[in-house]
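Undergrad: Given these sequences and hints, build the entire structure.
Residue numbers (this note's numbering), protein chains in the order written: chain A, 562 to 845; chain B, 87 to 456.
It should be emphasised that the hints constitute simulated quantities derived from the structure, not laboratory data. Don't take every hint at face value.
[To be verified] Each computed BS3-like pair below joins lysine-lysine, with the alpha-carbon atoms no more than 30 angstroms apart: (1) B/K192 with A/K762; (2) B/K299 with A/K762; (3) B/K191 with A/K755; (4) A/K755 with B/K195; (5) B/K299 with B/K192; (6) B/K257 with B/K299; (7) A/K789 with A/K615.
[What the hints assert, rightly or not] Now the stretches of chain A that chain B is said to cover, found in silico as 3 or more residues with beta-carbon under 8 angstroms: (8) 693-705; (9) 727-740; (10) 746-753.
Virtual Cβ for every residue (Gly too), placed ideally from N, Cα, C.
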Amino acid sequence: MGTASKVLRIVAIAIYMVWLIIPIAWTLSLSFKPYLEWRSPHFWPKDPTLLNYKILFFYEREIAGTTGGTALTKPMITPLINTLIVVGISTIIAVIIGFFTAYGASRYNSPGPFSLYFTLLTRMVPPATFVTPVLVYYRTLGLLDTQLGLILLYAAATVTYSIWILKGFIDQIPREWEEAAILEGLSPFRAMMKVTLPLIKSSLLVSGLFIFLMNYSEFLFALVLTTKEAVTLPVHLTTYVGGSGALYGAQAACGIVASIIPLIIGYVIQKHLITGLTFGMVRA
Amino acid sequence: MTETSLIVENLRKTFRTTVAVEDVTFEVRRGEFFSLLGPSGCGKTTTLRCIAGLEKPDKGRIIIGGKDVTNLPPQMRNVGLVFQEYAVFPHMTVYENIAFGLEVKKFPKGEIHKRVLRMAELLNLEEYLNIRAGRLAQALMQRVALARSIVVEPEILLLDEPLTLVDAKIKELMRRELRRYQKELGITILHVTHDQLEAMMVSDRIGVMCQGKILQIGTPIEIYDKPDSIFVARFIGSPTMNLIEGRLEQHNDELFLDADDARIPLYGVPSEKSKLNSYIGKIVVLGVRPEDIEISTQPMKGYFTGKIALIESIGNKLEIIVELNSITLYALSPPRTDLKVGQSIHLKLRPMKVHIFDKTTEKNIMLEEV
Numbered sequence: 562m563g564t565a566s567k568v569l570r571i572v573a574i575a576i577y578m579v580w581l582i583i584p585i586a587w588t589l590s591l592s593f594k595p596y597l598e599w600r601s602p603h604f605w606p607k608d609p610t611l612l613n614y615k616i617l618f619f620y621e622r623e624i625a626g627t628t629g630g631t632a633l634t635k636p637m638i639t640p641l642i643n644t645l646i647v648v649g650i651s652t653i654i655a656v657i658i659g660f661f662t663a664y665g666a667s668r669y670n671s672p673g674p675f676s677l678y679f680t681l682l683t684r685m686v687p688p689a690t691f692v693t694p695v696l697v698y699y700r701t702l703g704l705l706d707t708q709l710g711l712i713l714l715y716a717a718a719t720v721t722y723s724i725w726i727l728k729g730f731i732d733q734i735p736r737e738w739e740e741a742a743i744l745e746g747l748s749p750f751r752a753m754m755k756v757t758l759p760l761i762k763s764s765l766l767v768s769g770l771f772i773f774l775m776n777y778s779e780f781l782f783a784l785v786l787t788t789k790e791a792v793t794l795p796v797h798l799t800t801y802v803g804g805s806g807a808l809y810g811a812q813a814a815c816g817i818v819a820s821i822i823p824l825i826i827g828y829v830i831q832k833h834l835i836t837g838l839t840f841g842m843v844r845a
Numbered sequence: 087m088t089e090t091s092l093i094v095e096n097l098r099k100t101f102r103t104t105v106a107v108e109d110v111t112f113e114v115r116r117g118e119f120f121s122l123l124g125p126s127g128c129g130k131t132t133t134l135r136c137i138a139g140l141e142k143p144d145k146g147r148i149i150i151g152g153k154d155v156t157n158l159p160p161q162m163r164n165v166g167l168v169f170q171e172y173a174v175f176p177h178m179t180v181y182e183n184i185a186f187g188l189e190v191k192k193f194p195k196g197e198i199h200k201r202v203l204r205m206a207e208l209l210n211l212e213e214y215l216n217i218r219a220g221r222l223a224q225a226l227m228q229r230v231a232l233a234r235s236i237v238v239e240p241e242i243l244l245l246d247e248p249l250t251l252v253d254a255k256i257k258e259l260m261r262r263e264l265r266r267y268q269k270e271l272g273i274t275i276l277h278v279t280h281d282q283l284e285a286m287m288v289s290d291r292i293g294v295m296c297q298g299k300i301l302q303i304g305t306p307i308e309i310y311d312k313p314d315s316i317f318v319a320r321f322i323g324s325p326t327m328n329l330i331e332g333r334l335e336q337h338n339d340e341l342f343l344d345a346d347d348a349r350i351p352l353y354g355v356p357s358e359k360s361k362l363n364s365y366i367g368k369i370v371v372l373g374v375r376p377e378d379i380e381i382s383t384q385p386m387k388g389y390f391t392g393k394i395a396l397i398e399s400i401g402n403k404l405e406i407i408v409e410l411n412s413i414t415l416y417a418l419s420p421p422r423t424d425l426k427v428g429q430s431i432h433l434k435l436r437p438m439k440v441h442i443f444d445k446t447t448e449k450n451i452m453l454e455e456v
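TA: Shown next as structure tokens:
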């Protein structure tokens, strides 16, 4: 029974891993395939090329012939920078606001009928509902196709997540620690900054990563609200289209390059991921 | 410099509809170790939190070091507090923990270092200074918390059940240490506990609390020997005091208690100085501690007879459970081998140690002056 269930577990995990890895592996192989092999079923490129990656970084390169048609593409540099600015800043804003809101909700009673559950309202409606109103507002406010516009929207949309993730962690921190700090002479605000904040550092990073990933791959609003200046990577990805259809190779290459950043972030905060998710270190 | 460190006057605190503290008045003298003792939910911790400023009282005044602090925030009250749990900052080292308050109060670096080291030496924490406080054993954490609270020299140190979670063996040691630090450093301590033994061991004075009120304040000996109510009598002491309800009767100039089908003579109980005589014919509650019952295998004058129902050895003593028809009495005796379950035994209450309580007011009649 013991070994049987162990074997079963390993098999289940293996199947899951294969299911996860196949699309990534296929994208990777596709990004090195020349045009002629894009639609062929073999995994290893017969004639590997770096052309797909070159397309990503050279401005309006004409890739006639090799790609089976003429395509005018833009490099991914600007969208990449846009994405990093928009997603980076909106994530930081969402985490900071989320922390203070969660702290307040965890430590004090909200007045009257107002409850933290109100923040979930934004999540109870399909995002598509908001597209048109936001578009109208943004036109009036001059926020269309600006980084600021996306930053505000992304921060507002994801602050809910940071509130609820962080509240769970703050709830687990005994008030006594802050009270002890207050009795040592700190104001309640400084007690929070000196005692609570360091204790949920890992959780801040984890919720930050979660929100970063969500904003990083956001497509719908970016597509509607940006046209040229503030285009982000997910939208830019769709522009790799040539005369004879999608440039699968370039899209795959773009996807691979775009994956590197979250990968690096995840690797750097790896240590905090476990602590942040299990909350194990606070007591030990 | 005032003689009293803390004065609490008519403190009242309610949470929505529950009255946590009804009306509490007491004072703690400078250099004194004062314990608030009571069962859980009696309002002792709430009282402590009001004094610390962590709860806002509905009514009453709190004066610390001669200054009315009732409306001051906690950080301006000059009190230290050690919690039952979560007393140390787990993410800081022991050194940082002890230095915390001093840094907040902006002491010069050298002074901080000097004070932390002195405190660590005093509380035997030197070897742990660079260890993260969250990794320490509970007893050590409490010692670190103590050091952190003492090092800033508060007017009064509040301890909220600081030893409850410490292992029994170490607890005993720590009680003694706590007492020693308090005396050596001359700190004023207000200590809250539900453990009557702990309160008896460490305190100069004890305030026994029940349902948001202080029932009796006195030295441990006073509280033990002269409980002024049934609650205090029952709460203090282990094994618990025998409490028997019955009618007080007088026959041939001798008092006795008539309880249903048993009759307990109160031979030699002083009745002149108290109002005892006015209770003759009324229902009262007799209280006598197990160690204040003398036992004999031979019938003697003033003794009454019961049957041994059970004998339990608790090491250095025998706990003998005696039945008199429907009444059960607990008596303590030094170890002896001549007693058997089921045999008849003769008992006598030590007259000076007998307490008689009013059935309705639950007050100790013996303590009331005529």
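Undergrad: None of the hints should be skipped; say for each whether it holds.
TA: For each hint, the structure was consulted:
no.: 1; hint: B/K192 with A/K762; in the structure: holds (26 angstroms)
no.: 2; hint: B/K299 with A/K762; in the structure: violated (43 angstroms)
no.: 3; hint: B/K191 with A/K755; in the structure: holds (14 angstroms)
no.: 4; hint: A/K755 with B/K195; in the structure: holds (19 angstroms)
no.: 5; hint: B/K299 with B/K192; in the structure: violated (40 angstroms)
no.: 6; hint: B/K257 with B/K299; in the structure: holds (28 angstroms)
no.: 7; hint: A/K789 with A/K615; in the structure: holds (21 angstroms)
no.: 8; hint: 693-705; in the structure: violated (count 0)
no.: 9; hint: 727-740; in the structure: holds (count 4)
no.: 10; hint: 746-753; in the structure: holds (count 3)
When each numbered hint is compared with the structure, violations occur for hints 2, 5, 8.
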